[in-house]
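**Q** Chain by chain, the residues run as shown.
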Amino acid sequence: LAKTTQPISMDSYEGQEVNITCSHNNIATNDYITWYQQFPSQGPRFIIQGYKTKVTNEVASLFIPADRKSSTLSLPRVSLSDTAVYYCLVGDSPTSGTYKYIFGTGTRLKVLA
Amino acid sequence: GAVVSQHPSWVICKSGTSVKIECRSLDFQATTMFWYRQFPKQSLMLMATSNEGSKATYEQGVEKDKFLINHASLTLSTLTVTSAHPEDSSFYICSASSGQTGELFFGEGSRLTVL
Chain A
1 LAKTTQPISM DSYEGQEVNI TCSHNNIATN DYITWYQQFP SQGPRFIIQG
51 YKTKVTNEVA SLFIPADRKS STLSLPRVSL SDTAVYYCLV GDSPTSGTYK
101 YIFGTGTRLK VLA
Chain B
1 GAVVSQHPSW VICKSGTSVK IECRSLDFQA TTMFWYRQFP KQSLMLMATS
51 NEGSKATYEQ GVEKDKFLIN HASLTLSTLT VTSAHPEDSS FYICSASSGQ
101 TGELFFGEGS RLTVL
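Top to bottom, those sequences are chains A and B.
Take the first sequence: its letter number 67 is residue 67 in this note's numbering, and every next letter is one higher.
Take the second sequence: its letter number 71 is residue 71 in this note's numbering, and every next letter is one higher.
Okay, chain B solo, but in the shape it has when bound (with noise of 0.2 Å):
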């Protein structure tokens, strides 16, 4: 099946450091990327959707300054996590469709701890 790979799969940084998360489709051509926050023992949150060539579209209350995201290619989607802050830290997931399937494929996440 399709596959939606993240890396890296976990990263430590400093506070006030810019950590940057890569989201990419394999085999299949996404023009449109989900990303999610989970923090522990929560559910999924939807933070933004990634549309290729255009600017993303947040959620109600996600900084957009503060969560960058790129999405320059059909292949690849980038979150960038500015000025991290230990509440920062979480578990970062995306996802994407190849349009093809009724189904949304989910990478395999991102661990964040920001010191």
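Just chain A, same shape as in the assembly (with noise of 0.2 Å):
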């Protein structure tokens, strides 16, 4: 399974754009980048999938390179209610029947007032 690397933390100020990038240098073929979110004593909430190129939703972008060995998580304006742990994670989709998520350290996005 593909290993991934996320800066620990981040600070930000409420209103900023927070750019959180997630290394993942064995990435598969088969394998699409999902990112999460998780508050304290709560599970992990999906934000957004991709596979490659740029994805966007009504809450983040994601942005995939070629060669898809990184990804960067884009949240616009950010509030304090942002503030929590992201989570990049590397697999097979899970309409694929296989995949299996591990998760990595995950970074520690603090919004600042």
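Fair warning: there could be bad hints in the mix.
Unchecked claim - Only pairs whose alpha carbons sit at most 16 Å apart, straight line, appear in this in silico EDC-like list of lysine to aspartate or glutamate:
id	chain 1	residue 1	chain 2	residue 2
1	A	Lys100	B	Glu59
2	B	Lys66	B	Asp88
3	A	Lys100	A	Glu58
4	A	Lys110	A	Glu17
5	B	Lys14	B	Asp88
6	A	Lys100	B	Glu103
In short, the hints are calculated from the structure, not lab data.
All values reported here derive from a predicted model rather than from experimental measurement.
Please assemble the complex out of the two chains, which come individually in their own frames, going by the hints.
**A** See the structure below:
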């Protein structure tokens, strides 16, 4: 399984755009890149998933370069409520029936007023 | 969206007792569910993959006789911590996928405290 590497922590201010980069040098051809958000004492919550290029939804964008060895989660105009731990996961899509998601260290984002 | 529910959300027990945690997929069928454990300030650690109608697949270092997993139906998986000890105190989280989208849904987590 591909291992992911993320910054341990990041600080930002309200209203700023936050970019969190994840390295996954050993990503396999079938692997998707998925980002989750976790608040204390809660289960992780899905943010976004992509395979290549750029994916955007109502809460974030995911940028994946052509070599797919890294990815960047972009959170536009963060607020205090975005303070959480963000995990980058790499693995087969759950639709494949063979996936298994291993969590890395995650990035602890603190948004300051 | 799809919902995965865990029960209980928290439990306190005495050392030596067994505790059962339930994980239910409320609006979809899940042939595969996953159980994770999370210690304070740490990441989630995959314990085992629960397969409906068959034995669970445990990750290396996880004692299968201590952490009993049963996936008797397509909407329910249970994790039983047998003869719990204080070091088993942790946050246990389950997850499942409907297989329809690329999203893995997580339960709210169950906090176990062993006295």
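**Q** Output the indices of the hints that this structure fails to meet, ascending.
**A** Violated hint: only 3; rest satisfied.
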